[in-house]
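**Student:** Okay, here's what each chain looks like letter by letter:
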Amino acid sequence: MSDVTLYHWEPNANSGKPMLALMEKGVEFNSHYVDLLDFDQHKPEYLAINPEGTIPAMTHGDRVLTESTAMMEYVDAAFAGPKLMPDDPKDQWRIRWWMKFMDQWLAPSFSMIGWSVFIGPMVRGKDPDMLKAAIDRIPMPERRVAWRKAIYGTFGEEEMKESQSRVALGIRMLEEELSKREWLASDHYSLADVNGFNIAYALPLSQPDLSNDEKTPHILEWLRKIYERPAAKKTWAMGKTDLAARIKFLERS
Amino acid sequence: MTMVLYHGDPNGPSLTVLAALFETGHDAELRPIDLTMGERHSDTVPRNVEVEMSIEGEGPVLVADGEPMADSVFIACYLNDSATMSPIAPQDPFARWQMMTWCRQIIERVAPAAAYLGVKARLADKLSALDDAVFEKLIAPIKSGDLKARWADIRAGAFDEAKIDDSKAKIKAAVEKVDTQLSDGRDWLLGDFSIADLETYAWLSGMRDIEPAAFESATRTGAWIGRMQARPSVARTLSLAKTTAPHQTWAPGPEINRWG
Ligand SMILES: N[C@@H](CCC(=O)N[C@@H](CS)C(=O)NCC(=O)O)C(=O)O
Chain A
112 MSDVTLYHWE PNANSGKPML ALMEKGVEFN SHYVDLLDFD QHKPEYLAIN
162 PEGTIPAMTH GDRVLTESTA MMEYVDAAFA GPKLMPDDPK DQWRIRWWMK
212 FMDQWLAPSF SMIGWSVFIG PMVRGKDPDM LKAAIDRIPM PERRVAWRKA
262 IYGTFGEEEM KESQSRVALG IRMLEEELSK REWLASDHYS LADVNGFNIA
312 YALPLSQPDL SNDEKTPHIL EWLRKIYERP AAKKTWAMGK TDLAARIKFL
362 ERS
Chain B
208 MTMVLYHGDP NGPSLTVLAA LFETGHDAEL RPIDLTMGER HSDTVPRNVE
258 VEMSIEGEGP VLVADGEPMA DSVFIACYLN DSATMSPIAP QDPFARWQMM
308 TWCRQIIERV APAAAYLGVK ARLADKLSAL DDAVFEKLIA PIKSGDLKAR
358 WADIRAGAFD EAKIDDSKAK IKAAVEKVDT QLSDGRDWLL GDFSIADLET
408 YAWLSGMRDI EPAAFESATR TGAWIGRMQA RPSVARTLSL AKTTAPHQTW
458 APGPEINRWG
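Here the protein sequences line up with chains A and B, keeping their order.
For what it's worth, my numbering labels the leading residue of the first sequence as 112, then goes sequentially.
For what it's worth, my numbering labels the leading residue of the second sequence as 208, then goes sequentially.
Please keep in mind that the hints were generated in silico from the structure rather than gathered at the bench.
C-beta: ideal position from N, C-alpha, C; glycine also.
Hints should not be assumed to be uniformly reliable.
[Claimed, not checked] A few chain A residues that face chain B, going by a derived Cβ cut-off under 7 Å, partial list only:
id, residue
1, R174
2, A181
3, W204
4, W208
5, W216
6, P219
Isolated chain B (complex conformation):
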């Protein structure tokens, strides 16, 4: 049975999963949805508790053997582990730990920050222009209370100064970390190309025009972004965009983590 992937425009988690799909060579039917208009909660997308309560926020849904799956890094692991050659994740236990730990830090620190700054810059105005009734209808089917509250806050323009500052600091720190990681001249973050490259690129590439200062002196990061875009899987992913600037497509992401 072929898999079905419901995905948004190629940015953030949708980018990770689309590129992972192409890297691993699985056959899947692609069904684009508009994550920025809450289409993931419409009746066309199969849902279960893992989709509804995914703390990634608005990400893609992969349906394999009838089971809807959410959370981009773990979907990417699934695609890797069910492919024959483990193309985007190391099999050595310690290298795998490095990848999972790297991804965890992206998921926990970078994704919430990027989503916060991203939706403020790219989604808030669009939502506030909607009629009340349209917006209410959009969020009515959202089961996760905290995700629903994030939608409402974005529409109301309720962005907290401290969280904005913290998010900017997190983006800056992430770019520094990437640049340091690449300082020995390696092409990919952990040596071999992996899900860590995809997930990091997916959340950071759209920050370049929102937080340009963070990237200014990060020349190695700039070159790595260039290599990412030249990779066939990523180029193919970007070519699926419905908008001219998919890196400017932001939907509500994970909440800002309170314990650091």
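Isolated chain A, as found in the complex:
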């Protein structure tokens, strides 16, 4: 049995980042599925591991790691296997810049759309008293607000519009970046691609008018190239919901 355990949800967004990084490195790990739609991430057993109540978390021996992007850097540095960070410190800077851009700018806007059209409707039908209790248990106040808006469908028009325009700009920026180089932020397949893929695979699905073979050929080619990798196939095969199953659109015909 491996001394690495990953607490994750679907191969998607922050959960998918360390899943794909571990697969690329060939690290065996125990998979502990945390059902986000059942609010497992706010239950005492999980809060004992990550008191912030967010996914993913990883244990390696008696070490506990959170923060998916820093966790991926750890995975890359601590285990043997193909390097997911090029040696050049300048490339590393650019990779970190783009990961931060994804994590703190594009992903929050994109996930507002995801939470309102996907996550909200998926949990809305549950028992109202259970939902209220579940919201009350959430440790981070900002997340309590976000869950309330998702469940009751009360994201504001203005914030949705802003998220939509950020996603549109983010798509244009990614297309531009990927037309300069084969991979995101450097000439090597790296953590920036692992990070970026976990958000960007859903862009053509969610925003078909903005991201498609005509308008963003470089994004689509990059996504297909990543999905072709055995590590990506293995990672997405771990999905249990339709969210992960949608990835099939990237299969080359």
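Dock chain B with the ligand against the given chain A, drawing on the hints supplied.
**Tutor:** Leaving out everything else, chain B with the ligand in the frame of chain A:
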């Protein structure tokens, strides 16, 4: 080829990068600019998408091998990783994870809060005193729409009560975290001196006269601030100030993060 660093007065991200430069011993030509007057967007500073869309807001720009770089923590990592001895970042993967995670929390929670309170106290009046035409010219070249909007809000004095309260709470929590971290008697936040000390000091030291209550009982934090100021790299950085109180220089920073 020597590097060129365009930096503001030593506070916030400019402080982190200047001190990181001195800690790592790289040769760089220093070019001071006034971040509080939007000079980072003037033609004198080389820009690319990473500079223009940096979510750090108004921070320094390091040009190395012709490539402009933004985001203070990552520039500091670059300076460390291209130096010979890894002087300000641990090489052990787990210690590095601790440093990156610590810095991420500063970047995501403390920096937006400090910048919000800082510009309210130190920049809003200065901007509102500008003629409309001067201000319009200042913000016209800003490519990031959200950064531009923050400039306009600051000038208009449009500060949200909930965000002010949230920012004060974030500063208080950060000082508590620092004080707890130092409770075993260590000198530096993560054991060895690192970028985490620089980035934390850079955003918190200017909060002492804006949110004094947060620091009142934090004696260990006070002593750590003293050690930081005595460090040659930080002392040298502070000596570059163009104003008498560089910790009172605040330019628009990162936006307040909505997901916590
Ligand atoms: N900065 C953290 C964020 C983790 C995070 O927000 N994860 C999301 C899933 S992608 C989550 O746990 N959402 C559920 C919740 O907030 O209840 C990281 O990168 O690991």
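**Student:** Please name the hints from earlier in the document that this structure breaks, with their numbers sorted from lowest to highest.
**Tutor:** No numbers; nothing is violated.
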